[in-house]
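A.B. asks: Using the sequences and the hints given, assemble the complete structure.
Protein chains: 2
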Amino acid sequence: MKQTQLIKGVLEGCVLAIIAQKEVYGYDLMQALKHRGFTTIVGGTLYPLLVKLERNGDLASRTKPSPAGPNRKYYRLTPQGTQTLTEFSQQWTQLKGNVDQILTEALTHDEPQP
Amino acid sequence: MKQTQLIKGVLEGCVLAIIAQKEVYGYDLMQALKHRGFTTIVGGTLYPLLVKLERNGDLASRTKPSPAGPNRKYYRLTPQGTQTLTEFSQQWTQLKGNVDQILTEALTHDEPQP
DNA sequence: TCTTGCTAGGTTGTTTTACAACATAGCTAG
DNA sequence: CTAGCTATGTTGTAAAACAACCTAGCAAGA
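If you read the sequences in order, they're chains A and B.
85 is the number that numbering that gives the first Met the number 0 gives to position 86 of the first sequence; each next residue is one higher, with no gaps.
60 is the number that numbering that gives the first Met the number 0 gives to position 61 of the second sequence; each next residue is one higher, with no gaps.
Calculated directly from the structure, the hints in this document are not laboratory data.
Fair warning: there could be bad hints in the mix.
Identical chains blur together in the list; that is why a pair holds if it fits in one copy or across any two.
In silico DMTMM-like pairs for lysine to aspartate or glutamate, Cα to Cα no more than 20 Å straight-line [said to hold, decoys possible]: (1) 21 x 99; (2) 1 x 104; (3) 33 x 99; (4) 95 x 53; (5) 33 x 104; (6) 33 x 22; (7) 63 x 86; (8) 21 x 104; (9) 63 x 27; (10) 63 x 104; (11) 72 x 99; (12) 1 x 11; (13) 21 x 11; (14) 72 x 22; (15) 7 x 99; (16) 1 x 86; (17) 72 x 104; (18) 95 x 11; (19) 63 x 99; (20) 7 x 22; (21) 51 x 22.
C.D. replies: In structure tokens, the structure reads:
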């Protein structure tokens, strides 16, 4: 995975991380992401991403009826998806360190001398 | 600034942060980013970004001759650029917290019990 | 009945992004 | 006179993130 894809793929990594915890369906995942700070997430972003991840082999899905409403499509991680999540986690740690260092330098640059 | 733009705009924020420290030209900035972990950055990514940021009012520039080689285009932050950097810094902190929480939950989910 | 609203999963069209690849040009060393 | 570093771009392509729209199940109330 390239670094730029990581930068763009923060949402992707979070999706994998949430699905890793338990089998969820798209609409539920959308609510979970909203509650965890991705407040602007919309269906038009999430559903194509899930399709892409399944096509890519990171996710598998099965359709189950809902107690009230249309059928739900539940996703779970494949072994490859677990691997992808691990890689994302490592690269996220690295990116975080890089960005934090650059920001720290910038914000402490013009400090008054004692 | 929207959150998705933040996710995509990590590089943008880092560019602003480095320029905030001192007036730099594109090629120099490219080296600085490479040394700070953005190892894959290329001119075709950076130069259009600088043009965009200047067009947007976050950067101002002036051309100066190089001691050896073609002229250099030096960039500095405008007041608006300083503001944008501050906003980026805040939203980065928030995003970082959100992502870390999601990842922590995912990675500690299936821990073996003692 | 029929309309509103939530649930659920999409598609379509548009804009932006990151990049590879290329183009140009100054200057230096061999 | 050519190879290589410096320096700033442009062009074309693929993917991403929406906004906006569509379909459809089900429930509650007017």
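A.B. asks: Is the C-alpha distance from residue 72 to residue 99 at most 20 Å within one copy, between copies, in both cases, or in neither?
C.D. replies: neither (38 Å within a copy, 27 Å between copies)
A.B. asks: Checking an output row: residue 63 and residue 104, CA cutoff 20 Å. Within, between, both or neither?
C.D. replies: Neither way: residue 63 and residue 104 sit 51 Å apart in one copy and 26 Å across, limit 20 Å.
A.B. asks: How do residue 72 and residue 22 come out at 20 Å by Cα distance, when the copy is not named: within, between, both, or neither?
C.D. replies: within (10 Å within a copy, 52 Å between copies)
A.B. asks: Reference check for the pair residue 7 and residue 99, CA-CA at most 20 Å: within, between, both, or neither?
C.D. replies: Both, since 18 Å and 16 Å are each at most 20 Å.
A.B. asks: With identical chains, the pair residue 1 and residue 86 could be close in the same copy or across copies; at 20 Å between alpha carbons, which is it: within, between, both, or neither?
C.D. replies: within (11 Å within a copy, 27 Å between copies)
A.B. asks: Between copies, within a copy, both or neither: which fits residue 21 and residue 99 at Cα up to 20 Å?
C.D. replies: between (31 Å within a copy, 18 Å between copies)
A.B. asks: Indicate which option fits the pair residue 63, residue 27 if close means a Cα-Cα distance not exceeding 20 Å: within, between, both or neither.
C.D. replies: within (13 Å within a copy, 56 Å between copies)
A.B. asks: How would you classify residue 95 and residue 11 at a CA-CA limit of 20 Å: within, between, both, or neither?
C.D. replies: both (16 Å within a copy, 15 Å between copies)
A.B. asks: Reference check for the pair residue 33 and residue 22, CA-CA at most 20 Å: within, between, both, or neither?
C.D. replies: Within one copy only: 18 Å inside a chain, 39 Å across chains, cut-off 20 Å.
A.B. asks: How would you label the pair residue 95, residue 53 (within, between, both, or neither) given a Cα cut-off of 20 Å?
C.D. replies: Result: close neither inside a copy nor across copies, 27 Å intra and 26 Å inter.
A.B. asks: As a check of your reading, is residue 21 near residue 11 (CA-CA no more than 20 Å) within one copy, between copies, both or neither?
C.D. replies: Intra 16 Å, inter 35 Å, cutoff 20 Å: intra-copy only.
A.B. asks: Can you tell me if residue 63 and residue 99 fall within 20 Å by alpha carbon in one copy, between copies, both or neither?
C.D. replies: Neither way: residue 63 and residue 99 sit 43 Å apart in one copy and 31 Å across, limit 20 Å.
In this structure, the earlier hints numbered 2, 4, 7, 10, 11, 17, 19 and 20 are contradicted, and the remaining ones agree with it.
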